[in-house]
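Protein chains: 2
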Amino acid sequence: MHSTQPDNNHLDELSPLTDIEQITQALADGKNKRVRKLLARMHPAKVAALLEMLDPEQRQALWQQVDAALETRLRPHMNLDLLGQFAVDSGDAPGSEASDAGQGGRTAPDAVNQLADIRIALEGGKLKRVGKILLRIHPAKVAGLLESLPPTERSTVWSMVETERTGKVLTYLHDEIRISLARQLEVEDLVATAQRLELDDLVDLIQTLPSELSSALLQSSTGRRREQLESMLSYPEDSAGGLMDADPIEVRANVKVGTVLRYLRLLETLPSHTDILMVVDRKGHYQGTLRLSTLVTAELGLRVSDVMQTDIAGISVHTEATEVARLFQDLDLLSAPVVDDDNRLIGRITVDDVVDLIRQDSDRAMMQMAGLDDEADIFAPVLVSSRRRAVWLGINLLTAFLAAWVIGRFQATLEHVVALAVLMPIVASMGGVAGSQTLTLVIRGLALGQVQKGNIRILLNREVGISILNGLLWAVVVALLAVAWFGDWGIGGVLGAAILINLLCAALAGLAIPLILDRLGIDPALAGSVILTTVTDVIGFFSFLGLATVLLL
Amino acid sequence: MHSTQPDNNHLDELSPLTDIEQITQALADGKNKRVRKLLARMHPAKVAALLEMLDPEQRQALWQQVDAALETRLRPHMNLDLLGQFAVDSGDAPGSEASDAGQGGRTAPDAVNQLADIRIALEGGKLKRVGKILLRIHPAKVAGLLESLPPTERSTVWSMVETERTGKVLTYLHDEIRISLARQLEVEDLVATAQRLELDDLVDLIQTLPSELSSALLQSSTGRRREQLESMLSYPEDSAGGLMDADPIEVRANVKVGTVLRYLRLLETLPSHTDILMVVDRKGHYQGTLRLSTLVTAELGLRVSDVMQTDIAGISVHTEATEVARLFQDLDLLSAPVVDDDNRLIGRITVDDVVDLIRQDSDRAMMQMAGLDDEADIFAPVLVSSRRRAVWLGINLLTAFLAAWVIGRFQATLEHVVALAVLMPIVASMGGVAGSQTLTLVIRGLALGQVQKGNIRILLNREVGISILNGLLWAVVVALLAVAWFGDWGIGGVLGAAILINLLCAALAGLAIPLILDRLGIDPALAGSVILTTVTDVIGFFSFLGLATVLLL
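These protein sequence lines map, in sequence, to chains L and D. For the record, in the first sequence the residue sitting at position 417 is 417 according to our numbering, with numbers rising by one throughout. With positions in the second sequence counted from 1, the corresponding number in our numbering is that position plus 553.
Hints listed in this document are in silico derivations from the structure and should not be mistaken for laboratory results. Computed from a predicted structure; not experimentally measured. No false leads were mixed into what you were given.
For the chain D half of the interface with chain L, some residues (derived, Cβ under 8 angstroms), not all of them:
1) E821
2) L845
3) V849
4) S915
5) S939
6) A956
7) E968
8) Q1003
To be clear about the criterion: a stretch of chain L counts as covered by chain D if any three or more of its residues have a C-beta under 8 angstroms from a C-beta of chain D, and this derived list gives those stretches:
9) 266-274
10) 363-375
11) 380-394
12) 442-452
13) 457-471
List time: in silico DMTMM-like cross-link candidates among lysine to aspartate or glutamate, alpha-carbon distance up to 25 angstroms:
14) D:K721 <-> L:D332
15) D:K679 <-> D:E715
16) D:K809 <-> L:E299
17) L:K126 <-> L:D81
18) D:K809 <-> L:E268
19) D:K1006 <-> L:D373
20) L:K453 <-> D:E676
21) D:K721 <-> L:D330
22) D:K1006 <-> L:E153
23) L:K453 <-> D:E729
24) L:K37 <-> L:E212
25) L:K168 <-> D:E876
26) D:K1006 <-> L:E176
27) L:K168 <-> D:D864
28) L:K283 <-> L:E227
29) L:K46 <-> L:E71
30) D:K1006 <-> L:D374
31) D:K721 <-> L:D311
32) L:K132 <-> D:D864
33) L:K453 <-> D:D916
34) D:K685 <-> L:D330
35) D:K685 <-> L:D332
36) L:K126 <-> L:E186
C-beta: ideal position from N, C-alpha, C; glycine also.
Kindly generate the complete structure, drawing on both the sequences and the hints.
See below:
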């Protein structure tokens, strides 16, 4: 990442290089943002001259960085020959303009077109087109596009995102990509764009970015904003404090509705996602909420105390994020007050952050089950990804060898009855499937709060019952198939018995493992399936080959 | 479910039975709601008399159904002896009152206590306590409690939920439990409580309940509500139309802010989750949105057209639900307009429904991977659950036998080198794990839109690269371990080669399977993992034993 250091020299300091040298160098480094910045400071005539000086390739590259405004100021100074060369690309494929329309419901098809459009534009080196396309897209979708691109193309596209929007885009990216792209920005630009962010987004950035950047962001903010920022950063990321925004609108219970309306009109704008005002007493203790929808329908003469809601209690700043999410879901909240231990109002949580949270959680669970990191870049360098996945494969190898070792104990038996080797995977796999069903059920039950101390015993009985019924059913089926195949009742019997045993143990393991992990504070989704497979494999092979050894030799 | 038919006889029709006979029968059937209803119609003196007549057990049961109001009217008519008997249970365990406080932030601990409290109260037959506890809990949490209880206790608790709240509770339940509990209600009660529901909740009910109930619900609603209901029902459940509510507040672009405020004050109340008003032209075409937060801060003299937002396009009524969810997430929407093909405003979608949708989707994906139904009752009768899971086990059995069949082709080889039987599970399991990593990555990539035509080729190269690197790494490791174990370089070599081959094929399969399923319109999360395991098992065993046969014999 050293390559990014040079960027940090501020433009206003006396630079040893001439503009032209700086530009050519920036072009060579592909630092388009820097090029545009330099161009902006130069007189159009000088730029025109520069364009003529450069060799055709550099010239094209530079021209791609000339924005519409500069272009118009530039044209008078350019000779017809040059103008002729550039005439072609300044035009825009008509088809693409269409997607200009629906930046809402119709974005679905676009998303695809946009990726295609951009990759085509990139191949043609038409960075202007890329910039134009990006301009039309919501930051969230820009983030999506960036994540869908391989690293090299990604940083080119990133360099074409307007500096003002980069901050917002960063907030929508997954950690790994966010960090790498933030590093590609000049610190001063990062700081500038961060100033436009809402506090909770900024906190999110600061928490994920490497210290050299995050400290820059923190220092850049001053006064009240700085204080709020630091107080918000003092809470763990996955707590109500980490989710909250520090900008609730407070009103007193004893004032009139009309007065509140006049007060709001003085504020001119409310923070985004403001659906309720917070009612607090003189000491700032939270008392209740006043819905805007109530405010605009209530009689002006009524007092806030007459129309406020008191049914939603303040969320303690220490509440776990997952619990906050469940609250929002259960109580259908749009935003909710966050209070400290003395029930003093210190912030609010808005549903948009909760939605992201829920998405991430479900994402994480799914990825963890396969030993993957949900914040990882799916286009990360092959070597990096390989190393990450190798760990998981290594863990699995241990369990595989454990199973193999069990089989190894019974080599003598296998030599006598080789059919056992043919059938033994069936026992293990049936156990694995049955176990994973119970495991998944319990993991989800824990997440939804359906599985609690109060009813584990009932659940246990059910799972055991189910596994016995299915065990008997499939034991018979498999046994008969085995007999039909090898014409040996002994093998069939042993196979059936082993399956029954393994399914029973699988149910017990599938229930016990997540409960134990949960008790230990380990995420069941992460380690659950590996441990389960180990159990079902070992028990499967042992019971099958063990029984065979006892009964068939 | 025939048992529920008798409920349908309406009370207002002349009943052949006397009140007392009806009550004793209802008590016997455990139809507490019906009992309470009958009691409400009787004169307190008569009830008192009834109480004295009944045998102690029935008396207790009946007393549990006497609510506070009736109790006070009853006392004067009761003899001291009886009063004495009941004095005990009318009192309430003090501890339980505590959980009365925080119906918001502090619900987390409660949830647990509540389940415990209720089960204790049930064992003591203290239905009154149960009713009291339920009264304090938000419908969503009541639903959670019901889902955490085994069927018998569940229906007892259900019978103690106030009729008014049953409708709301139903909307929070998963389909299977929802249906069974709705069946336990008297149709007239179901209809009554349904009238209190918001349209989108009602639609949701009608779509999931069995026809006899849903038709009753539909017919019960009349006039405008009926029309809206039918139009909403005409859209598929998983489309914007199925998610939308038909109650947007419309305003014209040319009216003044002050006028809008006066208009709203005339409405007195706004639909829940109203954060924006919809701006439409004379023909009802959607033009833009006016935020309440803008409305309360804007100058009264300004026109709506001056302060309205036009950046959010109307969501087409045909948009897929998942796409709607992504829109809400990307654009941080609280609610959004739904338009027909002529861009005419026909409804709005609110974020609370989107939150539920996201939760359900993530739930479903996780459950489907284990072949489970996310709408199923985790306390469903053992026999029912067994049958459901048996299907999945059966499917898996096919793949297991396929793998076994492959092994069977090589019995001769296994007889010569029994060590192969010991090691072959390692090849299969390593392949399975590696494949599932790619599979998960792609399934999620498809969901997030990260994986598209535009970049599949790149993804392919990466996955192949990763699998080769990891393949080589673990091939060597495993080979050496095998050599160390069996002191046979041949076996080690074959094992390593097989692992390399299987990991490569696993990566290809993990990438191809979800893409193909997605193309076929099958949910990759559902069938993906089974197919993958089949592939990795078959290829694993075949490559290992095949190579062994060629090279070692």
